[in-house]
Amino acid sequence: MKPNSLPMLRIEALTIWRRNALVWRRLMGASVLLHFGEPLIYLLGLGYGLGRFVGEMAGMPYFTFLASGFIAWSAMNVASMESMWSVYTRMVPQQTYEAILATPAEVDDIVIGELLWCATKSLFSGSAILAVAALLGAVNDWTALFALPVIFLTGFCFAAPGLIITALARGYEYFNFYMTLAMTPMFILCGVFYPITTLPAPMQSVVQFLPLTHAVQIIRPIVVGEPVTNLGLHLGTLGLFGLVTAWVATILIRRRLIQ
Amino acid sequence: MPLSSLAGESAPISVPLLVHCQNLSKNFNGKPAVAGLDLDIPPRICFGLLGPNGAGKTTTLRMLLGQSPRSGGTLEIFGEDIELNRRQIRQRTGIVPQADNLDPDFTVEENLRMYGSYFRLPTSEMDRRIPQLLDMVELSARAADRIDTLSGGLKRRLTLARALVNEPEFLVLDEPTTGLDPQARHMIWSLLHRMKRNGKTILLTTHYMEEAERLCDQLMIIDNGTLLAQDSPTGLIRKYCESDVLEIRGDISKEIVGRLPPSCRTEHAGESLYIYSNHAKPLRELAQGLPDTACLHRQSGLEDVFLRLTGRELRG
Numbered sequence: 273m274k275p276n277s278l279p280m281l282r283i284e285a286l287t288i289w290r291r292n293a294l295v296w297r298r299l300m301g302a303s304v305l306l307h308f309g310e311p312l313i314y315l316l317g318l319g320y321g322l323g324r325f326v327g328e329m330a331g332m333p334y335f336t337f338l339a340s341g342f343i344a345w346s347a348m349n350v351a352s353m354e355s356m357w358s359v360y361t362r363m364v365p366q367q368t369y370e371a372i373l374a375t376p377a378e379v380d381d382i383v384i385g386e387l388l389w390c391a392t393k394s395l396f397s398g399s400a401i402l403a404v405a406a407l408l409g410a411v412n413d414w415t416a417l418f419a420l421p422v423i424f425l426t427g428f429c430f431a432a433p434g435l436i437i438t439a440l441a442r443g444y445e446y447f448n449f450y451m452t453l454a455m456t457p458m459f460i461l462c463g464v465f466y467p468i469t470t471l472p473a474p475m476q477s478v479v480q481f482l483p484l485t486h487a488v489q490i491i492r493p494i495v496v497g498e499p500v501t502n503l504g505l506h507l508g509t510l511g512l513f514g515l516v517t518a519w520v521a522t523i524l525i526r527r528r529l530i531q
Numbered sequence: 482m483p484l485s486s487l488a489g490e491s492a493p494i495s496v497p498l499l500v501h502c503q504n505l506s507k508n509f510n511g512k513p514a515v516a517g518l519d520l521d522i523p524p525r526i527c528f529g530l531l532g533p534n535g536a537g538k539t540t541t542l543r544m545l546l547g548q549s550p551r552s553g554g555t556l557e558i559f560g561e562d563i564e565l566n567r568r569q570i571r572q573r574t575g576i577v578p579q580a581d582n583l584d585p586d587f588t589v590e591e592n593l594r595m596y597g598s599y600f601r602l603p604t605s606e607m608d609r610r611i612p613q614l615l616d617m618v619e620l621s622a623r624a625a626d627r628i629d630t631l632s633g634g635l636k637r638r639l640t641l642a643r644a645l646v647n648e649p650e651f652l653v654l655d656e657p658t659t660g661l662d663p664q665a666r667h668m669i670w671s672l673l674h675r676m677k678r679n680g681k682t683i684l685l686t687t688h689y690m691e692e693a694e695r696l697c698d699q700l701m702i703i704d705n706g707t708l709l710a711q712d713s714p715t716g717l718i719r720k721y722c723e724s725d726v727l728e729i730r731g732d733i734s735k736e737i738v739g740r741l742p743p744s745c746r747t748e749h750a751g752e753s754l755y756i757y758s759n760h761a762k763p764l765r766e767l768a769q770g771l772p773d774t775a776c777l778h779r780q781s782g783l784e785d786v787f788l789r790l791t792g793r794e795l796r797g
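Protein chains in written order, with the numbering used here: chain A, 273 to 531; chain B, 482 to 797.
In short, the hints are calculated from the structure, not lab data.
Keep in mind it's a predicted model, so treat the numbers as computed, not measured.
One or more hints might be untrue.
To be verified - Calculated cross-link-like contacts (lysine to any residue; reagent style SDA-like; alpha-carbon spacing at most 20 Å): (1) Lys274(A) to Leu565(B); (2) Lys274(A) to Asn508(B); (3) Lys512(B) to Arg528(A); (4) Lys274(A) to Gly553(B); (5) Lys512(B) to Gln531(A); (6) Lys274(A) to Pro550(B); (7) Lys274(A) to Glu561(B); (8) Lys636(B) to Gln367(A); (9) Lys274(A) to Gly554(B); (10) Lys636(B) to Pro365(A); (11) Lys274(A) to Glu694(B); (12) Lys274(A) to Lys636(B); (13) Lys512(B) to Ile530(A); (14) Lys274(A) to Arg568(B); (15) Lys636(B) to Glu370(A).
Said to hold, decoys possible - Okay, the calculated beta carbon distance ranges per label pair: (16) Arg601(B) to Met300(A): 20 to 30 Å; (17) Asn566(B) to Arg527(A): 19 to 29 Å; (18) Asp608(B) to Trp519(A): 35 to 45 Å; (19) Tyr444(A) to Leu708(B): 38 to 48 Å; (20) Met300(A) to Thr630(B): 20 to 30 Å; (21) His674(B) to Ala403(A): 55 to 65 Å; (22) Thr630(B) to Trp357(A): 21 to 31 Å; (23) Phe449(A) to Val496(B): 13 to 23 Å; (24) Asn705(B) to Met300(A): 23 to 33 Å; (25) Arg601(B) to Leu278(A): 20 to 30 Å; (26) Pro467(A) to Arg601(B): 24 to 34 Å; (27) Thr659(B) to Trp519(A): 35 to 45 Å.
Each residue gets a CB set at the ideal place from its N, CA and C atoms; glycine is no exception.
My request is simple: use the sequences and hints to build the entire structure.
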């Protein structure tokens with residue numbers, strides 16, 4: 273294995289995924305509460321509270337607009353949290369990877385397994401919001417389920433930069449920088465709360481370079497049952513971003529774990 | 482493949498070496514941690530790697546396990562290069578690391594199952610092996626307990642059981658009994674004796690000379706990443722140390738220095754004076770004139786060899 277080679281895809285990655293899934297299953301009660309509870313509060317509070325004053329946005333009820341944006345945001349958020357705090361915990365204080373690397377599993381298996389697991393958690397969370405949105409009448413058609421693979425992809429694409437930060441982190445406080453400098457701006461600017469077309473023109477060009485913009489542009493129309501415009505462009509941008517950051521994350525985690 | 486003759490001249494039965502390293506080196510940022518080590522371990526023995534803190538023991542082990550790429554030299558385990566066949570070698574190796582890295586998210590038994598899954602052991606195989614392993618390390622009663630409820634000794638026993646889950650031929654232990662109480666240490670020793678009887682090859686590092694003497698057939702003492710000495714425990718003592726030592730503590734040592742027999746070698750360490758000789762009699766006579774609390778006459782041991790070779794100054 274050369275230090276900068278592409279990540280190797282092997283079945284062993286699934287044993288790492290399985291480990292995390294088994295731990296998650298144990299804490300599922302609390303997890304599910306979080307997955308449903310947090311978006312429920314956001315959606316009810318902002319969607320109904322703010323929605324009364326806003327009325328419609330981009331041709332749909334504000335509640336629907338917000339719910340579809342939240343699904344994309346939540347995929348980013350959950351994958352980022354997992355790939356930073358949880359992965360760091362397994363890597364540094366628990367030394368779980370050190371133990372795993374004494375077995376035939378390799379660093380690449382850990383990276384791929386963790387990326388898949390982060391994406392899986394995004395899928396859980398996105399599905400929970402989708403279910404809540406559907407119960408509250410924001411979803412019209414079963415085709416909204418096509419959003420699920422996109423949610424998974426979005427989780428994968430945000431887990432990879434999270435892993436990069438983790439590979440470089442010397443402590444948990446590093447993650448606050450990434451939260452404040454990357455995640456919060458995307459949450460506010462990338463079309464979760466309002467269409468990006470309402471931003472000033474120079475800002476619109478800037479947000480085109482932020483991956484969450486593209487996730488929202490795919491997930492929102494699928495959820496509300498509208499045709500997706502520029503699907504190839506958005507998927508391509510998101511996918512390319514995810515693949516490049518996953519590669520960089522693999523290189524950096526190899527460097528961190530194999531010295 | 483390198484061969485080594487274990488059976489002597491008359492019946493040359495050649496056994497392939499389990500570990501064969503030549504000129505093994507490792508630099509961290511240009512600083513050598515291991516500098517040209519030759520290490521050969523024949524199968525079915527217990528091999529001890531001794532050295533002060535920072536001597537390069539853990540770095541050597543990490544290279545042997547493929548957890549750290551070497552900077553130079555050759556390194557073969559089971560006749561295979563670790564860089565090329567890391568996974569196959571790990572499949573046949575069991576590792577007990579220095580720091581506990583049991584998975585705190587799982588119970589005792591689940592830890593073994595999870596570890597087995599990284600080796601992709603079939604469930605039926607785990608169903609067979611894991612109760613046996615728990616029984617062997619006397620943890621069957623704690624199978625469903627969480628890791629954070631275990632004492633240090635129990636954790637170490639579980640880590641040993643975990644290292645055996647893939648039924649390895651080669652067992653590597655980095656300071657297996659550091660921080661354990663005497664009971665736990667004796668239990669680990671008896672388990673390791675059993676491993677050796679079962680035909681496993683063992684490589685361990687330790688700071689405890691008693692442990693090295695009890696367990697190891699061959700010892701290598703290293704410092705600053707290079708070899709200082711290698712032999713059996715008794716061979717090392719014979720080669721590098723006089724048979725008897727008289728330890729004298731406190732101010733009396735100053736008066737003694739003047740009237741030592743000429744054949745004696747002395748060493749100072751702190752307040753103590755060590756007088757080494759191959760003859761017990763002059764030391765005994767010297768001791769007779771001194772109060773019991775200030776002196777101790779004993780046979781020299783591995784610790785004397787170790788301190789002689791690596792010096793008495795403290796390490797970081």
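Each hint, compared with the structure:
Only pairs whose Cα atoms come within 20 Å are accepted, and Lys274(A) paired with Leu565(B) is accepted, the gap being roughly 11 Å. Pair hint Lys274(A) plus Asn508(B) holds up; C-alpha atoms about 18 Å apart against a cutoff of 20 Å. A hinted pair counts as satisfied when its Cα atoms are at most 20 Å apart, and Lys512(B) with Arg528(A) qualifies at roughly 19 Å. Between the alpha carbons of Lys274(A) and Gly553(B) the distance comes to roughly 16 Å, so the proposed pair stays at or under 20 Å and holds.
At roughly 14 Å between alpha-carbon atoms, Lys512(B) and Gln531(A) fall within 20 Å of each other, so this suggested pair holds. A hinted pair counts as satisfied when its Cα atoms are at most 20 Å apart, and Lys274(A) with Pro550(B) qualifies at roughly 11 Å. For the hint linking Lys274(A) to Glu561(B), the alpha-carbon distance of about 19 Å falls within 20 Å, and the restraint holds. As the CA atoms of Lys636(B) and Gln367(A) are separated by approximately 15 Å, the hinted pair is consistent with the 20 Å bound.
Distance check on the hinted pair: Lys274(A) and Gly554(B) sit about 18 Å apart at the alpha-carbon level, within 20 Å; holds. Of the pairs offered as hints, the one joining Lys636(B) and Pro365(A) holds, with about 16 Å between alpha carbons and a cut-off of 20 Å not exceeded. In summary, the hint linking Lys274(A) to Glu694(B) is not supported, as the alpha carbons are separated by about 41 Å, beyond the 20 Å threshold. A C-alpha spacing of about 36 Å is found between Lys274(A) and Lys636(B), which places the hinted pair above 20 Å, so the restraint is violated.
Between the alpha carbons of Lys512(B) and Ile530(A) the distance comes to roughly 17 Å, so the proposed pair stays at or under 20 Å and holds. Using a Cα cut-off of 20 Å, the hinted pair Lys274(A) and Arg568(B) holds, with the two alpha carbons roughly 15 Å apart. At roughly 16 Å between alpha-carbon atoms, Lys636(B) and Glu370(A) fall within 20 Å of each other, so this suggested pair holds. In this structure, Arg601(B) and Met300(A) meet the distance hint of 20 to 30 Å, their C-beta atoms being roughly 26 Å apart.
The hinted window of 19 to 29 Å between Asn566(B) and Arg527(A) holds, with their beta carbons roughly 22 Å apart. Here the CB-CB span from Asp608(B) to Trp519(A) is close to 40 Å, well matched to the stated 35 to 45 Å. Between Tyr444(A) and Leu708(B) the beta carbons are some 42 Å apart, a value that agrees with the proposed interval 38 to 48 Å. For the hinted restraint 20 to 30 Å between Met300(A) and Thr630(B), the CB-CB distance of approximately 22 Å keeps it satisfied.
Between His674(B) and Ala403(A) the CB atoms are about 59 Å apart, so this pair conforms to the stated range of 55 to 65 Å. Checked against the hint of 21 to 31 Å, the pair Thr630(B) and Trp357(A) passes, with Cβ atoms roughly 25 Å apart. Hint check: Phe449(A) to Val496(B), Cβ distance near 57 Å, so the stated range 13 to 23 Å is violated. For Asn705(B) paired with Met300(A), a C-beta distance near 53 Å fails the hint of 23 to 33 Å.
Evaluation of the 20 to 30 Å hint for Arg601(B) and Leu278(A) yields a pass: the beta carbon distance comes to about 23 Å. For Pro467(A) and Arg601(B), the Cβ-Cβ distance of about 49 Å falls outside the hinted range of 24 to 34 Å, so the restraint is violated. The hinted window of 35 to 45 Å between Thr659(B) and Trp519(A) holds, with their beta carbons roughly 40 Å apart.
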